[in-house]
Amino acid sequence: MKYTENMMAWQMVFTKCLYDLFKEADAFERECNVEVDIVIFPSAGPPYVFKSSCVERQVRRFRKPNLKKRRNMSSMKQERIPKRQAKIDPLSKELERNKEHEKVPSKKSEEILEKCYMKDITALNLEETDVLLKKIEDVQNYLMSKDGASSSSVMPKDGKD
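In numbering that gives the first Met the number 0, the protein residues as written are 0 to 160.
Any given hint could be a false lead.
Stated by the list, open to error - Here are the simulated lysine-lysine pairs, DSS-like style, with alpha carbons at most 27 Å apart: (1) Lys76 x Lys98; (2) Lys86 x Lys76; (3) Lys106 x Lys82; (4) Lys145 x Lys134; (5) Lys98 x Lys82; (6) Lys92 x Lys82; (7) Lys133 x Lys145; (8) Lys98 x Lys134; (9) Lys76 x Lys92; (10) Lys86 x Lys98; (11) Lys22 x Lys50.
Please keep in mind that the hints were generated in silico from the structure rather than gathered at the bench.
Please read these numbers as outputs of a predicted model, since none were measured by experiment.
Full structure from sequences and hints, please.
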C-alpha cells in the first residue's frame with residue numbers, strides 16, 4: 000500500500016485496515032481456539048488494542064515463565080543424564096571390544112590360513128601368478144575329464160565364452 004499524504008484519506012485507510020485486522024484476529028481466535036492480542040502504535044494518536052484486558056497478562060506470562068517449572072525441568076534433565084550415561088557406558092565398551100576383535104584375526108582363522116597356505120592374490124608376483132593359473136587349469140582339466148559333458152557347459156576347456 001502506498002503512503003497517503005492526505006490526512007483524511009489516511010484516516011479512512013487506517014480505520015478500514017484496522018477494522019479488517021481486528022476482524023481477522025477475532026476469526027482466528029474462534030476458528031483455531033487461540034488467544035490473539037494486538038497492540039498498534041500509530042505515528043499520531045493513541046494506541047489501538049485488540050483484547051486489551053488480556054495483553055498485560057499474556058505478556059507477563061511469556062516474559063516471566065514460572066521459575067518452579069523451570070527448576071523442575073532442569074532437575075529432571077539432571078536426573079536423566081546419569082541414567083542415560085549408565086546405558087551408554089556398557090554399549091561404548093562393547094563397541095570398543097568389537098572394534099578390537101575385528102582388527103585382530105582370531106587364532107583359529109590364522110591357523111586355518113597357515114594350514115592352507117593361503118595368500119592374497121593381489122600380493123602375488125608374476126611367477127606365482129603363472130603357477131596359480133597352471134594349478135587352476137590342472138583342476139579344470141581334471142574336472143572336465145571326470146564329469147565330461149556336464150562340466151563343459153559350465154566352464155569351456157579353451158577358456159572362451
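TODO: Could you tell me which of the numbered hints above are not met by this structure, giving the numbers in increasing order?
DONE: Per hint list: 1, 3, 8 violated.
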